[in-house]
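Peer 1: Chain residues, written in single-letter form:
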Amino acid sequence: MNFIYDATTVLMATIRDILPIVALITGFQLLVLRQPIPHLRRLIIGGIYVVIGLAMFLIGLEKALFPVGKMMASQLSDPTFLGKSNIELSDWTAYGWVYLFAALIGFSTTIAEPSLLAVAIKAGEVSSGIISPWGLRITVAIGVAVGIALGAFRIVTGTPLHIYILVGYIVVVLQTFTTPKKMIALAYDSGGVTTSTVTVPLVAALGLGLSEAVPGRNPAIDGFGLIAFASLFPIITVMGYAQITHWFANRNIIKHSKGENQ
Amino acid sequence: MDNKKDKIFIPAILMMVLNKLSRSFKDLLPIILVIAFFQIFVIGQPLPNFAEVIFGSFLVVLGLMLFVQGLEMGLFPIGEAMAQALARKGSLLWLLIFAFLLGFSTTIAEPALIAVCAEAAKIASEAGLISPSQESCNSYALGLRMSVAFSVGIAILIGVLRILRGWPIHYLIIGGYIVVMLMTLVAPKEIIGIAYDAGGVTTSTVTVPLVAALGVGLASIIKGRSPLLDGFGLIAFASLLPMIFVMGYGVIVF
Numbered sequence: 001m002n003f004i005y006d007a008t009t010v011l012m013a014t015i016r017d018i019l020p021i022v023a024l025i026t027g028f029q030l031l032v033l034r035q036p037i038p039h040l041r042r043l044i045i046g047g048i049y050v051v052i053g054l055a056m057f058l059i060g061l062e063k064a065l066f067p068v069g070k071m072m073a074s075q076l077s078d079p080t081f082l083g084k085s086n087i088e089l090s091d092w093t094a095y096g097w098v099y100l101f102a103a104l105i106g107f108s109t110t111i112a113e114p115s116l117l118a119v120a121i122k123a124g125e126v127s128s129g130i131i132s133p134w135g136l137r138i139t140v141a142i143g144v145a146v147g148i149a150l151g152a153f154r155i156v157t158g159t160p161l162h163i164y165i166l167v168g169y170i171v172v173v174l175q176t177f178t179t180p181k182k183m184i185a186l187a188y189d190s191g192g193v194t195t196s197t198v199t200v201p202l203v204a205a206l207g208l209g210l211s212e213a214v215p216g217r218n219p220a221i222d223g224f225g226l227i228a229f230a231s232l233f234p235i236i237t238v239m240g241y242a243q244i245t246h247w248f249a250n251r252n253i254i255k256h257s258k259g260e261n262q
Numbered sequence: 001m002d003n004k005k006d007k008i009f010i011p012a013i014l015m016m017v018l019n020k021l022s023r024s025f026k027d028l029l030p031i032i033l034v035i036a037f038f039q040i041f042v043i044g045q046p047l048p049n050f051a052e053v054i055f056g057s058f059l060v061v062l063g064l065m066l067f068v069q070g071l072e073m074g075l076f077p078i079g080e081a082m083a084q085a086l087a088r089k090g091s092l093l094w095l096l097i098f099a100f101l102l103g104f105s106t107t108i109a110e111p112a113l114i115a116v117c118a119e120a121a122k123i124a125s126e127a128g129l130i131s132p133s134q135e136s137c138n139s140y141a142l143g144l145r146m147s148v149a150f151s152v153g154i155a156i157l158i159g160v161l162r163i164l165r166g167w168p169i170h171y172l173i174i175g176g177y178i179v180v181m182l183m184t185l186v187a188p189k190e191i192i193g194i195a196y197d198a199g200g201v202t203t204s205t206v207t208v209p210l211v212a213a214l215g216v217g218l219a220s221i222i223k224g225r226s227p228l229l230d231g232f233g234l235i236a237f238a239s240l241l242p243m244i245f246v247m248g249y250g251v252i253v254f
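Protein sequences, first through last, are from chains A and B. So for the first sequence, this note's numbering puts the first residue at 1; every next one is plus one. So for the second sequence, this note's numbering puts the first residue at 1; every next one is plus one.
Since the hints were made in silico from the structure, they are not lab data. Just so you know, these numbers come straight off a predicted model, no measurement behind them. Treat the hints with care, since some could be wrong.
Label-pair distances were calculated between CB atoms; the ranges are [as the list claims (entries may be wrong)]:
| # | chain 1 | residue 1 | chain 2 | residue 2 | range |
| --- | --- | --- | --- | --- | --- |
| 1 | B | I40 | A | G158 | 29 to 39 Å |
| 2 | A | L174 | B | G44 | 22 to 32 Å |
| 3 | A | V171 | B | S133 | 11 to 21 Å |
| 4 | B | L185 | A | Q35 | 44 to 54 Å |
| 5 | A | I4 | B | I178 | 33 to 43 Å |
| 6 | B | N49 | A | Q35 | 44 to 54 Å |
Glycine included, each C-beta is placed from N, C-alpha and C at the ideal position.
Make a model of the complete structure from these sequences and hints.
Peer 2: Below, the structure written as structure tokens:
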């Protein structure tokens, strides 16, 4: 009975969440473009799918992804699992498994991310084949892995988030002036697309669980920030990858022309 | 005749559903593999509440599949056609209004943002930052989402102006970074983490395809713009501005 009540509440809330976009599309179609809505039946059926799907996703999230993220964080930082006394728990080196777990989650979800694949293919087109989609995907995935692991380290040590992000921004700005112009907008966009709907809740829960488990950390201050790392690092790695491949491409051209001269 | 049609029709639908399901499952597979590896080899314990987690994961896969399928059936094609039609119509005012509303309404419907804001509200009420009642929790979560949605609307509007005017993207982004750092100085400590995360959370399932369609549609219509080069960059603004606006929200609320 409780489940049915919860499900109805979530369903009502999702209808409210979907309403603005439906209103926008129909409103503009009828009032501004003054055209009838094509395939009205498909739109209505699609709308019903969207509402039911979103409600199921949110319920499943509460039951699976959030609890799992938190449980993994608390299991991996449990004193009996680590075999350490309470005093050693404030030392950041005690949490090696947490960093590894964070890095692996970041790497594996990014490699499988469909929107990153789309961006990687476009990057190949923009650079006229110099950038290989696979190389780019692996670089970005490594970037996200390092980013989330570093974010976990930040939560364990409780150092302020903005210092890390500030350093990241400075690196981005410096890279911007040396990266091929064609790649800049693409690199900036890649930060946003790597964090998918499934990854975000899991990673957020990991951070919150970790900040609850590590002694002396406050979830409200230390718990968030992992996603910020996951969306900043791809920008750096995409630009870095573009710089390196262009450097190699240029060197080869120079070598080649020298060889011809001799 | 009809009977024969049905016989072909049903397996085709079944195949399509299975195909979609396996696609959604593939998104979840890397996570399942990593978690299973850690549970079996590192922690050496089964996951507590195993049955409920499996049921929940099933709901996540099925829900996401339905959600994306529904969007692809109706909203995406119309939204894309509309973005192109408005770009061709040439009315700047309507285009900008559309850009803002598109950013706003897609963000409101973004599943990951709904979940993370609810979680942030729970954390804030446990920490005593807002009063612990369910009502104030809900209004805090809604406030977070509204400020994110508003900022994504503004971001898409600026992004469209950038494509029209041909402004170089990096000056705007670097300017944004400076504002983020300045806001960090005045924002309460408790909002900074969620504000920085908001940037990455906003841009996923709903926003990216529609906004990308708007950008590429615009860039392919305006003379002297290349869809590959100038079509990008809208997402970048949409992940930068929410940081600034959520910190602003924190200044007001706490």
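Peer 1: For each hint, tell me whether it holds in the structure or not.
Peer 2: Tested hints:
Our hint of 29 to 39 Å for I40 of chain B and G158 of chain A holds, since their Cβ atoms are close to 31 Å apart. Distance hint for L174 of chain A and G44 of chain B: a CB-CB separation of about 45 Å, inconsistent with the stated range 22 to 32 Å. Taken as a hint, the range 11 to 21 Å is violated for the pair V171 of chain A and S133 of chain B, whose Cβ atoms sit roughly 43 Å apart. Hint check: L185 of chain B to Q35 of chain A, Cβ distance near 49 Å, so the stated range 44 to 54 Å holds.
A beta carbon spacing of about 51 Å between I4 of chain A and I178 of chain B contradicts the range 33 to 43 Å that was offered as a hint. Distance hint check: the CB atoms of N49 of chain B and Q35 of chain A are about 51 Å apart, consistent with the given range 44 to 54 Å.
Checked against the numbered hints above, the structure breaks hints 2, 3, 5 and satisfies the rest.
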